[in-house]
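Could you slot chain S onto chain Z? The hints should help.
Number of protein chains: 2
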Amino acid sequence: MKPFRIAIAGLGTVGAGVVETLQTNAELITARAGRPIEIAAICDRDQDSDRGVDLSGYEWAGDAHGLCDMDGLDAIVELIGGSEGIAYDLAKAALGKGVSIVTANKALLAHHGLELAALAEKNGAKLGYEAAVAGGIPIIKALREGLAGNEISCIYGILNGTCNYILTEMRETGADFDDVLKEAQEKGYAEADPSFDVDGVDTAHKLCLLTSLAFGVKPDFKALSTKGIREITIADIKAAGGFGCKIKLLGIAKRQGGKISQSVEPCLVPVESALGGVEDSYNAVFVEGNFVEKVLMTGRGAGRKPTASAVVADIIDLAKGLDEPVFGVRTDKLAEPVWADTGDIKSRYYIRDGESTQITGEMGQGELEALTDKLDSPYTMRVEDL
Amino acid sequence: MKPFRIAIAGLGTVGAGVVETLQTNAELITARAGRPIEIAAICDRDQDSDRGVDLSGYEWAGDAHGLCDMDGLDAIVELIGGSEGIAYDLAKAALGKGVSIVTANKALLAHHGLELAALAEKNGAKLGYEAAVAGGIPIIKALREGLAGNEISCIYGILNGTCNYILTEMRETGADFDDVLKEAQEKGYAEADPSFDVDGVDTAHKLCLLTSLAFGVKPDFKALSTKGIREITIADIKAAGGFGCKIKLLGIAKRQGGKISQSVEPCLVPVESALGGVEDSYNAVFVEGNFVEKVLMTGRGAGRKPTASAVVADIIDLAKGLDEPVFGVRTDKLAEPVWADTGDIKSRYYIRDGESTQITGEMGQGELEALTDKLDSPYTMRVEDL
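Protein chains in written order, with the working numbering: chain Z, 74 to 459; chain S, 74 to 459.
If we strip away everything but chain Z, and leave its shape as in the complex, we get (with noise of 0.2 Å):
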């Protein structure tokens, strides 16, 4: 069989593991794709450091624009990330050729998904994106596909391992969210800057994907509301768990007459709930639907491996010829999301003021302002009942 040949423009942790799976995996990856995957090039201003994968075997391109114009191209896996710049561009102008695009870039879909994906189908190009969520776990899939006959009601994900790790670290050690943030960059758990993952920007990437594709709208991340973990203090932490509950950073969509509702925001659960037992940097989706009913899937949301996995998942997939629409129905028929209004949506709510803490009955947030109204400096946050 004629080989599937891609280019891998970024190798940095993720790029290199993409090149070690389909070196490491390649008899089982050519078995499952009914041909073997070719690196046809690899790309990186770096081509020096010493990635812990063997890549002396592959032609250096010079840049990553000049890939959309190698011949015999399948498919380009863009692994240099960021919304705008180098990323855009390439993916533009490769699948404007009909040259296909697998990334793990959310930030790139989370903003420009819509145009990428149209130009897709008017170009006959394929764009694969299930490293982009939930790294190793196939949720992509399932919402888009094993799920497909399925009325979605709502979508809980923990979504950043980072701020999961940090949760949990602080509720096992009793250390403050600053210490932890110090110590999972010195582990290299976080970034340098890490506001793209404690502010929850990254879980509203991707949890923007999630909503188009389980409600067939059109993505909008700046519906978005957005709040982070920093605020969250020891003494959340200690108080959640008397209330029976853990705090995790959520991304939530929630579809109800008609009207769709998402937000990123740090909720309590129930530790015995669905999501309670989510530690560390691992990450879950929870995902109800009118007929499946309830499911959950769990796994390595971040990492070389487990990103690498669902990377070369949709490098397989389009090798074998599968022709997915990229949001779950072509972009024509995808609908204006119409949102509901936050104020209406009622919740049970944890409030810290000072040293006291409390859980509300539940109410919208007319009457949590209210409340709150009356106190010198407090936190809420939602309680979500899984």
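Heads up, none of these hints are tricks.
Which copy? The list can't say, so a pair holds if one copy fits it or any two copies do.
In silico SDA-like links for lysine to any residue, alpha-carbon gap of 20 Å or less:
hint: 1; residue 1: Lys295; residue 2: His185
hint: 2; residue 1: Lys367; residue 2: Gly350
hint: 3; residue 1: Lys311; residue 2: Asp426
hint: 4; residue 1: Lys195; residue 2: Arg108
hint: 5; residue 1: Lys195; residue 2: Ala104
hint: 6; residue 1: Lys75; residue 2: Lys406
Hints listed in this document are in silico derivations from the structure and should not be mistaken for laboratory results.
Quick caveat, the model's predicted, so the values are computed rather than measured.
Okay, now just chain S, sitting in the frame of chain Z:
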């Protein structure tokens, strides 16, 4: 777009659920499949019962065999059940004529999967069986596609909802196996003849399909050692709790050094482990791969709606023209499995002898036998530290 025309053979619980799904979610299913799914015929010996779904618009076929010769039929949804008889004859005849089959029938595939897969390949037909394993959980798709880049090292599954329900009830109520089984039968959670469930046969059917998919080997139901849950006493359940464990009926498949072991047996698993939290009639599959690391999928493993969800996912895949090898690779690429000598596999064991219970250190089967030979009436279970 031309509709995808199916016939549904067998209108029991799942068959009626499939009709209900296709009716209830018609609009979104059409969008996701890219074309309407049309029920061209239905077939069941009983044409009179109220199934809680409107069948008035469909054509009744006189007998299932005739469906193979219907003009312009794209797929037959076989929901008759049983490994032999009508289900087998129908699948063989349909695939032989190039008509695709979607089925929830694990017994059929465990016994005849290889033959049917080869027949499908030869005649350009497809064979979908997502619903045959773990109900609504898209585990077939996950193993075949989502984790396709991995060499899988092990699978642990809670694959039978009836057994998990019985074991959970026993633990929670302190009632004996026989009493809980009787109650489950009265509630309709267990069959009048429960042996397929409680003796592990149903789990074995499912496991042999997962083994094939995960390891790229021919499915071999006969090579499976199977032990059910009838002998488990309340004393075992209490003792397990004392050891920090719960008892779960597991389907286990492992590969080490090229050799595969597969077994169905009740095991002790730590309460805090991935499978320890899977209760009631929920199913779960835990998979470890050399890149994805650990993935856990949990959901409803049976019932009208969750099973229908999986059947409809397969129908949508076929309507989209998806062409996946039945067992992950083409049948001529499936290897003959090399079975591990189970005596070599080391494990910790739970041993009950009269009133006394213990958990041993790690040992092989020979050592265990030497130990239990000295006891009066030993009952043993493996301890699986997931």
